[in-house]
Amino acid sequence: MNETPPASPVSLVDPGSRVNSVKNDTAALRRRQQLRNRRAILYRRIAKLEQKLKEESKKSEKYRKKYTRLNDKIKFSSPERKVKTLIKNTKLPDPIKKKLIFSEIITKQLAQSYAKLKTQKDKQAYYKISI
Numbered sequence: 001m002n003e004t005p006p007a008s009p010v011s012l013v014d015p016g017s018r019v020n021s022v023k024n025d026t027a028a029l030r031r032r033q034q035l036r037n038r039r040a041i042l043y044r045r046i047a048k049l050e051q052k053l054k055e056e057s058k059k060s061e062k063y064r065k066k067y068t069r070l071n072d073k074i075k076f077s078s079p080e081r082k083v084k085t086l087i088k089n090t091k092l093p094d095p096i097k098k099k100l101i102f103s104e105i106i107t108k109q110l111a112q113s114y115a116k117l118k119t120q121k122d123k124q125a126y127y128k129i130s131i
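Here the sequence shown is numbered in full-length UniProt numbering, starting from 1 and rising by one per residue.
Quick caveat, the hints were computed from the structure, so don't treat them as lab data. From a predicted model like this one, the values you see are computed outputs, not experimental measurements. There could be a bad hint or two in this list.
Straight-line Cα separation of at most 20 Å, DMTMM-like style, residue types lysine to aspartate or glutamate; simulated pairs [said to hold, decoys possible]:
(1) Lys116 / Glu104
(2) Lys62 / Glu50
(3) Lys108 / Glu80
(4) Lys108 / Asp122
(5) Lys82 / Asp94
(6) Lys98 / Glu80
(7) Lys75 / Glu104
(8) Lys66 / Glu56
(9) Lys118 / Glu104
(10) Lys99 / Glu80
(11) Lys91 / Glu104
(12) Lys73 / Glu61
(13) Lys82 / Asp72
(14) Lys62 / Asp72
(15) Lys66 / Glu50
(16) Lys91 / Glu80
(17) Lys73 / Asp94
Computed beta-carbon distance windows for the label pairs [what the hints assert, rightly or not]:
(18) Lys99 / Thr68: 31 to 37 Å
(19) Lys75 / Arg36: 30 to 36 Å
(20) Glu56 / Gln120: 45 to 51 Å
(21) Arg32 / Asn71: 29 to 35 Å
(22) Lys58 / Lys23: 49 to 55 Å
(23) Lys75 / Lys99: 21 to 27 Å
(24) Ala47 / Asp25: 39 to 45 Å
(25) Ile74 / Leu49: 36 to 42 Å
(26) Arg32 / Glu3: 44 to 50 Å
(27) Glu55 / Lys99: 29 to 35 Å
C-beta: ideal position from N, C-alpha, C; glycine also.
Let's have the full structure, built from the sequences with the hints guiding it.
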């Protein structure tokens with residue numbers, strides 16, 4: 001009995017193809033790495049853009065609120081406030097200030113009553129009475 005191991009099978013793959021497969025593997029690894037790098041760059045860019053969007057939306061909200069507050073002040077200004085701004089840098093006696101406030105109140109009420117009228121005929125009659 002012969003105690004030698006059996007002969008190894010003949011390799012069907014030639015040694016040149018091993019080199020090609022190694023080259024293919026390294027090329028695939030390189031492509032994967034490039035893909036990862038590109039993705040990382042894009043994710044960073046997306047994060048920056050999202051941050052910028054958040055900042056701009058905060059600014060937008062800030063200015064929107066500021067605008068509405070200013071509009072509310074103008075729209076719903078009281079007669080006292082109107083008189084105060086009118087006589088800002090002048091000294092007037094209290095009775096005159098009170099008369100100015102009263103006239104502002106009357107003017108505002110007349111304008112509101114006029115705005116509530118529906119027909120043109122009523123508006124003309126109201127105008128004749130108020131003059």
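Hints and how they fare:
1. The suggested pairing of Lys116 with Glu104 holds, with an alpha-carbon distance near 19 Å, which does not exceed 20 Å.
2. Taken as a hint, the Lys62 and Glu50 pair is honoured in the structure, with Cα atoms around 18 Å apart against an allowance of 20 Å.
3. For the hint pairing Lys108 with Glu80, the CA-to-CA distance comes to about 12 Å; that is within 20 Å, so the pair holds.
4. Restraint check for Lys108 and Asp122: satisfied, since their Cα atoms lie roughly 19 Å apart, inside the 20 Å limit.
5. Between Lys82 and Asp94, the direct Cα distance comes to roughly 16 Å. Compliance with the 20 Å bound is thereby established for this hinted pair.
6. Among the hinted pairs, Lys98 with Glu80 is consistent with the structure: their alpha-carbon atoms are about 9 Å apart, no more than 20 Å.
7. A hinted pair counts as satisfied when its Cα atoms are at most 20 Å apart, and Lys75 with Glu104 qualifies at roughly 14 Å.
8. About 15 Å separates the Cα atoms of Lys66 and Glu56, which keeps this hinted pair within 20 Å; it holds.
9. With a C-alpha separation of about 24 Å, the suggested pairing of Lys118 with Glu104 is violated against the 20 Å cut-off.
10. For the given pair, Lys99 sits about 11 Å from Glu80 by alpha-carbon distance, which is consistent with the 20 Å threshold.
11. With a C-alpha separation of about 19 Å, the suggested pairing of Lys91 with Glu104 holds against the 20 Å cut-off.
12. Between the alpha carbons of Lys73 and Glu61 the distance comes to roughly 18 Å, so the proposed pair stays at or under 20 Å and holds.
13. Among the hinted pairs, Lys82 with Asp72 is consistent with the structure: their alpha-carbon atoms are about 14 Å apart, no more than 20 Å.
14. Of the supplied pair hints, the one linking Lys62 and Asp72 holds, its CA atoms being roughly 15 Å apart against a limit of 20 Å.
15. With a C-alpha separation of about 24 Å, the suggested pairing of Lys66 with Glu50 is violated against the 20 Å cut-off.
16. Restraint check for Lys91 and Glu80: the C-alpha separation of about 15 Å stays at or below 20 Å, so the hint holds.
17. For the proposed pair Lys73 and Asp94, the alpha carbon gap of about 25 Å is over 20 Å, so the pair is violated.
18. Checked against the hint of 31 to 37 Å, the pair Lys99 and Thr68 passes, with Cβ atoms roughly 33 Å apart.
19. A hinted range of 30 to 36 Å is violated for the C-beta pair Lys75 and Arg36, which are about 57 Å apart.
20. Between Glu56 and Gln120 the beta carbon distance is about 49 Å. The supplied range of 45 to 51 Å therefore holds.
21. Between Arg32 and Asn71 the Cβ separation comes to about 57 Å, which falls outside the hinted range of 29 to 35 Å.
22. Remark: the range hint 49 to 55 Å for Lys58 to Lys23 is upheld by a beta-carbon distance near 53 Å.
23. Taking 21 to 27 Å as the suggested C-beta distance range, the pair Lys75 and Lys99 conforms, at roughly 25 Å.
24. Look at Ala47 against Asp25: about 33 Å separates their beta carbons, and that is not inside 39 to 45 Å.
25. A hinted range of 36 to 42 Å for the beta carbons of Ile74 and Leu49 is consistent with their spacing of about 37 Å.
26. A hinted range of 44 to 50 Å holds for the C-beta pair Arg32 and Glu3, which are about 49 Å apart.
27. Our hint of 29 to 35 Å for Glu55 and Lys99 is violated, since their Cβ atoms are close to 51 Å apart.
The structure does not agree with the numbered hints 9, 15, 17, 19, 21, 24, 27 stated previously, though it agrees with the rest.
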